[in-house]
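**Q** If you read the sequences in order, they're chains A and B. Quick note on my numbering: the first sequence kicks off at 216 and runs consecutively. Quick note on my numbering: the second sequence kicks off at 216 and runs consecutively.
Watch out, some of these pointers could steer you wrong.
Same chains, same names: a pair is fine if it fits in one copy or spans any two.
[To be verified] Cut-off 25 angstroms, straight-line C-alpha distance, at most; resulting in silico cross-link-like pairs (SDA-like, lysine to any residue):
#: 1; residue 1: LYS281; residue 2: LYS514
#: 2; residue 1: LYS473; residue 2: ARG483
#: 3; residue 1: LYS300; residue 2: LYS411
#: 4; residue 1: LYS477; residue 2: PRO220
Source of the hints: derived by calculation from the structure; they are not laboratory data. Only a predicted model underlies this, so the values are computations on that prediction, with no experimental measurement involved.
Number of protein chains: 2
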Amino acid sequence: MEAPPYYRIALDVMGGDHGPGATLDGAALALSAMPDLYLLLVGDRAKIEPRLARCGIQGELLARTKIVQAASVVTMDDKATAIIKEKRDSSIRVAAECVRGGDAHGMVSMGHTGAAMVASMKVIGTLPGVDRPCLAAIFPSLRGTPTVLLDVGANVNCKPEHIAQFALMGDVYAEEVLGVKNPKIGVLSVGEEDGKGSKITRQALDFLRNQDIHFGGNAEGRDLWDRDFDVIACDGFIGNVVLKSSEALAEGILHGLKDTLKSNFLGRLGGLLVRSTLRKFYKKLDYAEYGGAPLLGVKGISIIGHGRSTGRAVSAAIRAAVRGAKNNINGRIQERMLRLLQASREHEAV
Amino acid sequence: MEAPPYYRIALDVMGGDHGPGATLDGAALALSAMPDLYLLLVGDRAKIEPRLARCGIQGELLARTKIVQAASVVTMDDKATAIIKEKRDSSIRVAAECVRGGDAHGMVSMGHTGAAMVASMKVIGTLPGVDRPCLAAIFPSLRGTPTVLLDVGANVNCKPEHIAQFALMGDVYAEEVLGVKNPKIGVLSVGEEDGKGSKITRQALDFLRNQDIHFGGNAEGRDLWDRDFDVIACDGFIGNVVLKSSEALAEGILHGLKDTLKSNFLGRLGGLLVRSTLRKFYKKLDYAEYGGAPLLGVKGISIIGHGRSTGRAVSAAIRAAVRGAKNNINGRIQERMLRLLQASREHEAV
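One chain only, chain A, in its complex shape (with noise of 0.2 angstroms):
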């Protein structure tokens, strides 16, 4: 039997909050899940060995992967550069070495997501042509398919083109990885109109304006959840601040409806006929089914998952790197930034 071309994973098995059960558990059903997939399992070795089979990772599946030793975890007590000194040997810093050394074509970590910034961006490094590398939100919509929005973390006071360049990076990312087809593209602004917005987002919006994308032109507040957009292009600043509170949102309300419920003997009793609706209903909101955010514009493929991501959505993520390695969304990057590059000279040109 001829070996299939394997994508190579490094998974941070140390990261999240369930500990390293959860992170095994998705390793097995991604294992089961992707006969082309080979992974990385980058932590404690004498926490992962005598965990596997209990998790599901014997015969087949165990000879797709190997344990990757690293000493240390970042935790969430620590600065996110703690990787650059005291944590050389933290599973997070291992995983991004065996990106950059090309064991693996990606890494996945649901653990200190600034400490996987930082090891994406300083380990890895940027991919040529990319200013600045940015962190992408999948969130989920409630009309059936996501939207992208980005970028939510890295990069605070950003000039136009970074903005152009999220957009370009978010097109590729919901075409190839999320199956998007021809996804329509917006920059975050407080009208529809293009005279709307800030002198930064007016440029970004005339950079993009020639590009070869569906491009929407300036995107509001609400597009994030009720219309049309697949990706949604912002300062890092406002990203990180409409994603912390939309989570904050989302779950006040769904758990401020649990309680309510909860409260009296109706509610109750209507609440258990409704559970199963309801789940069905949540699931809708589950950021799990994609896996994570991942890290654009960096030399290899970078997931950054949920710390409270469970075995699904470990899986979900890996299935997400694995996808951009076999599409090669960082070639169709650079194609992008190349192009991008090519008008404004042109532009300035004129």
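Start from chain A and add chain B according to the hints.
**A** Relative to chain A, chain B alone:
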């Protein structure tokens, strides 16, 4: 019987999606609830007069009203600046003239938000000491007390001192109108620590640190919903995006939930049982409780309500305007602006 100290509010009767009927319902509620309220009903006399009795405005209530004729209405197709030239006789502009001329302490409009802002700023005028008036959104909270977010629309490209002014104006509004004791104030940013944020938000922190307020430093996106800030100040661009995305998300979840419950028999049955419980929950999220968005920093009170306002919301907006006048928020805002200016001068002198 001696005349009570009347608080005179100019009500734009013609604005709002539900037409003059809903506005007059709100007027009737407000007049009944507040014996010291006098209303200037601004709009087309021919449309207002025949509706008064039907809405319950008669006898003693009627005696505390006066119709002020305004021939035209700003529609959603008009530009916000229409009130400057073409629609000088619009109900929004005439209401603002009532405040400018001293006939009214404040105005309330459920009409064109942009036009109401322009009328407040250009006709009523900016309060001395305030650099830029700002629009404040009152976010209903699942935990009881609301959170004031400002600015949410008026000002793009804010300087640090503008954000500091917004924070201080929000402090006065929360205390004097919403009745929050010693409100906790924050600046919207991307992390809790003082070093986090943009250059602009970090400088805004410096301006606010030595003011006589309960200052909590940086607030994050999630603090809009699940933590203990009462007032959060930010650039008008980001405030607008957060407001619109939150509205769309909350509506999307609640509508999606209704649809889901209707989608099968158990859901429908359970839905009937939980209906009143759900209604109680929805009420917690209802902006109508707070009546509208105050435009702070103008020489008078200006409350801009949602176009969809019901009578109850109109009445709440009028109540907010009366409280603002009664508790002299503008006097208090001016004191704050003066102290801010003194502190920054002392700072420069050091």
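**Q** Is it within, between, both or neither when you check LYS300 against LYS411 at 25 angstroms Cα-Cα?
**A** between (45 angstroms within a copy, 22 angstroms between copies)
**Q** Up to 25 angstroms between alpha-carbons, please classify LYS281 paired with LYS514: within, between, both or neither.
**A** within (22 angstroms within a copy, 71 angstroms between copies)
**Q** Go through the copies and call it for LYS477 and PRO220: within, between, both or neither, with a Cα cutoff of 25 angstroms.
**A** neither (52 angstroms within a copy, 47 angstroms between copies)
**Q** Using 25 angstroms as the alpha carbon limit, work out where LYS473 and ARG483 are close: within a copy, between copies, both or neither.
**A** So LYS473 and ARG483 pass the 25 angstroms test inside a copy (9 angstroms) and across (17 angstroms) alike.
In summary, the structure is inconsistent with hint 4 from the numbered list given earlier, while agreeing with all the others.
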